[in-house]
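**Q** Okay, here's what each chain looks like letter by letter:
Protein chains: 2
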Amino acid sequence: MERPRNVRITFEPYGKRVEVERGITIFEAVTKAGLGIRSECGGLGTCGKCKVRIKDPMSVSEITKVERNLLSPEELRGGLRLACQTCVLGDCRVYVPPESRIGERKILEVGFEQEVPLEPAVRKIHLMIPKPSLNDVRADYERMIDTLSRILEARVWQCEKFDEMRISCELLANAPRILREAEWDVTVVLRDEEILEIERGNTERENYGLAIDIGTSKIVVYLVNVNEGNVIGVSSIENPQLMFGEDIMSRLTFAMRSHENLSLLNKVLIDGINATIEEIALKSGVNREKIYEAVVVGNTAMHHLFLGIETRYLALSPYVPVVRDLLSVRAKEVGLKINKRGYVVTLPIIGGFVGADGVADLLATGLHKSNELSMLLDIGTNTEVFLGNKNEILSCSAASGPAFEGGHIKFGMKAVAGAIERVFIEPETYEVKYKTVREEKPVGLCGSAVIDVVAGLLRSGLIDVHGRIREKPEVSRIRKVGNEVEFVVAWREETGIDEDITVTQRDVREIQLAKAAIYTAQIILMKRKGIKPEDIKKIFIAGAFGSEISVKNAIFIGLLPEVPEERVKFVGNTAIAGAKMALISKKVRKESREVQKLVNYVELSLDPSFQKEFINATELPHRDLDRFPKVKDYLTKVRN
Amino acid sequence: MERPRNVRITFEPYGKRVEVERGITIFEAVTKAGLGIRSECGGLGTCGKCKVRIKDPMSVSEITKVERNLLSPEELRGGLRLACQTCVLGDCRVYVPPESRIGERKILEVGFEQEVPLEPAVRKIHLMIPKPSLNDVRADYERMIDTLSRILEARVWQCEKFDEMRISCELLANAPRILREAEWDVTVVLRDEEILEIERGNTERENYGLAIDIGTSKIVVYLVNVNEGNVIGVSSIENPQLMFGEDIMSRLTFAMRSHENLSLLNKVLIDGINATIEEIALKSGVNREKIYEAVVVGNTAMHHLFLGIETRYLALSPYVPVVRDLLSVRAKEVGLKINKRGYVVTLPIIGGFVGADGVADLLATGLHKSNELSMLLDIGTNTEVFLGNKNEILSCSAASGPAFEGGHIKFGMKAVAGAIERVFIEPETYEVKYKTVREEKPVGLCGSAVIDVVAGLLRSGLIDVHGRIREKPEVSRIRKVGNEVEFVVAWREETGIDEDITVTQRDVREIQLAKAAIYTAQIILMKRKGIKPEDIKKIFIAGAFGSEISVKNAIFIGLLPEVPEERVKFVGNTAIAGAKMALISKKVRKESREVQKLVNYVELSLDPSFQKEFINATELPHRDLDRFPKVKDYLTKVRN
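Residue numbers (our numbering), protein chains in the order written: chain A, 32 to 671; chain B, 32 to 671.
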């Protein structure tokens with residue numbers, strides 16, 4: 032049989048290039064490229080939404096009946112096609128028009144990670160088993176295991192304990208049929224000592240797993256080829272539990288009211304993840320039944336809710352989790368729709384509100400193996416902070432709120448097309464320059480922009496240390512609407528929403544509270560360790576907005592301590608990156624348990640200085656200006 | 032929608048009551064009650080054997096066409112119905128008339144066993160766990176495991192791997208509630224590294240398990256306190272699969288016809304065992320939920336049918352089982368109603384038709400550890416023979432038929448009250464002495480008695496070497512009825528059935544075939560090992576009738592080779608004894624896998640001398656009289 036040759040597709044305007052099997056649809060190729068395309072039918076050819084323009088019409092299949100029905104004659108003449116109907120026959124360039132683009136929400140789906148040796152828990156081994164005969168009356172199972180043992184021995188893969196090999200009764204009951212229908216040519220799916228599945232023929236290459244990061248507000252799923260360690264599909268959704276409250280505490284309170292509520296939170300979460308898995312599987316052309324394992328991370332509350340475990344005691348003093356250890360349970364037990372005998376592994380949690388996502392952050396940054404004293408911040412609705420090195424790590428969690436993700440901000444939004452992501456205020460003229468995501472007309476502000484605005488106002492003397500915006504007649508951008516003062520970032524004529532885009536006094540307060548929470552967490556850990564900011568050799572910043580933030584401005588408003596800027600490194604979504612590392616390497620799973628033991632949890636609210644530190648930190652940059660000597664210098668100059 | 036209400040059926044004369052779903056047939060209800068009913072068609076409505084009398088005719092469905100065809104007008108008028116045609120609509124009493132009853136026999140429930148160190152797989156450990164506080168915020172699970180570890184370390188129980196401790200997600204979800212309701216005073220149920228249950232308070236003493244022997248015709252269940260190793264309840268039933276054929280081959284043929292048939296054989300078996308478990312639990316006052324493990328043995332076909340595994344390839348050349356190894360699966364997976372997280376362990380099987388029961392026989396007799404060359408016969412509908420010592424064991428299986436258990440014998444019956452179990456025929460006067468079970472009036476003959484009669488007739492010269500009964504005018508006990516000659520064992524006046532009890536010419540033929548099959552099996556194994564009968568230092572005889580047989584007569588008719596009588600030892604039901612040993616000792620489980628490797632299976636039908644040996648062995652005692660020198664001496668004297 033001829034193997035289909037690969038073709039190269041370039042997606043525009045992304046400039047993303049992907050190599051795929053000849054003959055697959057553009058719809059499938061989009062996913063393989065890690066991009067998204069609008070569709071309501073998932074590629075079934077009924078919605079007509081996945082329009083693309085093919086730049087080399089001779090490199091794709093002919094226009095189908097479906098397309099003639101769903102596209103107008105003008106569209107067809109203009110070279111538009113439906114991605115789900117168009118098969119790629121040769122190298123080509125595909126333009127995705129604005130109306131077909133999704134993922135306009137820019138959830139940061141990728142993260143910095145450490146290189147790890149490929150050693151997935153699930154292995155696929157192709158077997159050619161000798162058929163039974165009167166001279167060879169071994170049982171089906173022993174026959175299979177004997178062949179398997181010989182192959183594994185030949186590959187010199189660690190010391191295998193075949194005596195302990197396990198198989199489910201139900202698979203065993205089907206084994207005789209499968210083996211004979213496949214004429215004894217099968218691929219065995221092995222997870223540690225358990226045989227999870229017997230597939231017909233040689234399917235060694237199709238070995239898939241999932242890495243899942245359950246955040247308080249978003250869920251990211253990676254589909255990974257665990258043989259090769261590469262991500263072949265990415266998908267993300269808002270956490271459907273948002274319906275029951277934006278922050279963790281309100282969900283825990285809801286769960287506490289009745290067992291039904293707890294089950295409901297569990298159910299919507301699992302349903303949401305299943306829908307995401309279905310989508311990613313469809314997009315990538317991978318059968319869900321061929322996914323044998325998922326590694327899941329999330330904060331302690333998400334971890335418990337995912338497993339359907341009681342969360343009552345997380346919310347009540349002394350705030351103890353039910354379980355901290357790494358767990359390995361059947362996917363079926365938690366209701367995850369992958370192979371029916373597949374497994375879900377949850378990485379260990381650290382305690383209180385620092386969960387498995389924190390462990391994954393550490394795994395991905397390698398902080399726990401470092402000699403240098405480093406700090407790691409995973410900024411989100413809850414912000415986890417870690418401080419330490421390979422000898423000991425302190426951790427805590429701060430309820431920073433959603434301001435840095437655009438939540439509770441008047442014109443706040445996620446970092447999607449049209450969101451202003453960077454703002455510069457000219458200190459003399461108060462003129463404003465800004466940059467939007469994908470250079471589109473501004474429609475709102477994302478967290479990094481609000482930080483820039485607050486820093487800019489402070490730098491220009493338009494705001495005082497308490498965060499109060501100063502009204503000045505010569506500054507037309509500052510005005511009072513009703514009772515509230517606000518600063519205009521973009522005038523109505525410039526925006527795509529027929530309105531001025533502003534930062535209000537209340538928005539500034541939100542930012543002050545959020546940055547105070549995060550700064551306090553850092554300073555208390557430093558106190559506990561008895562160190563000063565300059566002792567910290569590296570600060571990793573993880574989180575969904577991470578790569579866009581200005582370090583200078585973050586320090587200027589007192590979100591980060593004053594350290595040399597080059598010590599700060601943005602690492603993106605390290606939670607999912609760490610989960611992926613654990614998915615493809617058993618060594619990393621082992622490491623995750625060691626990481627857990629290395630980390631001590633600090634309950635911030637129990638620290639006697641917490642209250643005072645927090646209040647002092649709400650000032651800009653801080654009540655104790657000596658903690659920010661350079662900012663102090665600058666402000667002193669401006670004031671004089 | 033209305034849920035079908037349950038109805039109660041009382042089966043008479045057993046006095047057994049069962050609650051079932053309204054609308055099921057009496058045939059199905061019989062199984063649920065753990066009883067049996069005569070049938071040749073398995074409830075298909077073609078044989079007309081499953082007659083019952085309904086005491087409340089208004090509580091069942093109307094008479095069907097099938098019943099009008101298969102029952103006579105008198106029977107219908109007398110209130111007789113077919114169990115498979117009659118659906119239960121309300122509470123009712125059902126009388127099972129004698130001709131429909133199965134399961135009235137004396138099943139040998141105990142067996143010889145080896146003493147083993149108590150080391151059950153399931154352990155219960157009482158814990159007083161420190162409560163959480165602000166100074167001790169360990170997670171519930173870690174808190175429990177820490178306490179557990181300390182206790183186990185103190186007891187110095189082998190090297191435990193706590194890192195690998197497992198727990199089901201569902202138990203974990205309930206753990207916080209259980210722990211707090213019990214005020215942290217709990218007993219943990221541990222099986223290897225898995226926590227199966229958390230019970231309130233100290234329940235260390237209540238640690239129960241089951242040993243289950245699934246025979247072709249009977250099932251025996253032991254309820255065992257695994258802490259102490261003692262049997263606290265015994266129960267047994269006829270194998271409900273008897274409805275689908277008496278012998279293994281007819282059941283395998285039935286199973287082969289469709290997947291539904293296979294499932295049906297599995298279902299009636301599991302239902303029957305569950306009914307037995309329920310009964311034994313009730314009798315012993317033990318909650319089924321407190322039973323955490325069952326060790327199951329049975330021949331290869333029963334083993335596969337119990338697990339719901341395809342049996343097609345056992346019945347077709349080259350006769351390979353699906354699996355031979357020891358299996359450990361969740362009880363739930365096979366449908367066994369013990370604790371929902373409990374386990375079922377099936378001991379390894381040897382191959383072909385020598386199953387886990389054979390392994391248990393060896394464990395119980397210790398043959399596999401002996402220096403002496405020994406032989407073991409487990410006599411039943413299928414007879415397993417083992418020959419060897421600690422260095423190597425040969426095994427085979429002979430289709431001996433049910434004659435020795437009273438089957439296919441005109442007045443044959445199981446060893447129940449009134450069965451003649453011993454017969455002595457005065458060689459000079461031909462007068463007969465006999466002994467019945469419980470000294471009651473004779474109602475039939477059990478296998479041991481038929482052996483005695485054949486031996487007695489041979490000793491008296493009333494039967495020739497070919498098994499032909501000699502008619503002699505002076506012997507009034509020998510007579511011809513129709514075309515068949517028979518020997519009267521008990522005259523009508525003496526019996527409890529208002530009939531003479533006889534052994535017919537056909538009965539003698541049945542015994543000849545059965546003993547020939549068993550002798551051939553023994554002789555072929557001896558040949559393979561190159562030994563003579565006198566080299567065998569011990570012969571163990573296991574089986575349901577074993578303790579009642581006369582060794583002298585067994586040798587005289589050629590069932591056993593001529594060895595000194597004192598070398599023969601009756602060991603009873605060693606299959607269940609071996610299962611019990613494995614239940615209370617992990618060491619024995621390990622041993623069972625070594626036993627399996629030690630035993631080689633010989634397929635008798637493939638032995639070139641099988642045919643000739645079998646035909647020669649049908650003579651009394653054998654065509655080659657020199658194999659039985661003492662019997663030869665005696666017979667020569669009698670003939671002269």
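Keep in mind that the hints were calculated from the coordinates and are not lab data.
Everything numeric in this text was worked out from a predicted model, so none of it was measured.
Please note: incorrect hints may appear among the correct ones.
Pairs count within a copy or across copies, as identical chains cannot be separated in the list.
Taking lysine to any residue and the SDA-like style, the derived pairs with C-alpha atoms no more than 25 Å apart in a straight line are [unchecked claim]: (1) K96 to E524; (2) K560 to D167; (3) K80 to G527; (4) K621 to R169; (5) K298 to N205; (6) K321 to C200; (7) K371 to M196; (8) K618 to N256; (9) K464 to K569; (10) K558 to S491; (11) K621 to C200; (12) K628 to R197; (13) K503 to V633; (14) K643 to L165; (15) K47 to D87; (16) K368 to N37; (17) K663 to R598; (18) K618 to L544; (19) K560 to L165; (20) K363 to V506; (21) K162 to Y350; (22) K511 to M287; (23) K162 to E634; (24) K663 to I85.
**Q** State for each hint whether it applies.
**A** Cross-check of the supplied hints:
1. K96 to E524: neither (43 Å within a copy, 89 Å between copies)
2. K560 to D167: between (68 Å within a copy, 21 Å between copies)
3. K80 to G527: Intra 23 Å, inter 86 Å, cutoff 25 Å: intra-copy only.
4. K621 to R169: For K621 and R169, only the inter-copy Cα distance (21 Å) is at most 25 Å; the intra-copy one is 37 Å.
5. K298 to N205: between (31 Å within a copy, 17 Å between copies)
6. K321 to C200: both (20 Å within a copy, 23 Å between copies)
7. K371 to M196: both (19 Å within a copy, 23 Å between copies)
8. K618 to N256: within (17 Å within a copy, 42 Å between copies)
9. K464 to K569: neither (31 Å within a copy, 102 Å between copies)
10. K558 to S491: Classified as neither: same-chain Cα gap 32 Å, cross-chain 107 Å, threshold 25 Å.
11. K621 to C200: The answer is between: 20 Å across copies meets 25 Å, while 29 Å in one copy does not.
12. K628 to R197: between (30 Å within a copy, 18 Å between copies)
13. K503 to V633: Answer is neither: 45 Å inside a copy and 104 Å across each miss the 25 Å cutoff.
14. K643 to L165: between (84 Å within a copy, 22 Å between copies)
15. K47 to D87: So K47 and D87 pass the 25 Å test inside one copy only (16 Å; across, 80 Å).
16. K368 to N37: Classified as within; 19 Å inside a copy, 35 Å across copies.
17. K663 to R598: Intra 21 Å, inter 104 Å, cutoff 25 Å: intra-copy only.
18. K618 to L544: neither (40 Å within a copy, 64 Å between copies)
19. K560 to L165: Only across copies: K560 and L165 sit 21 Å apart there, 73 Å inside one copy, limit 25 Å.
20. K363 to V506: neither (62 Å within a copy, 75 Å between copies)
21. K162 to Y350: between (59 Å within a copy, 12 Å between copies)
22. K511 to M287: neither (43 Å within a copy, 87 Å between copies)
23. K162 to E634: between (63 Å within a copy, 19 Å between copies)
24. K663 to I85: For K663 and I85, the Cα distance exceeds 25 Å both inside one copy (57 Å) and across copies (100 Å).
Of the numbered hints stated above, those contradicted by the structure are hints 1, 9, 10, 13, 18, 20, 22, 24, listed in ascending order.
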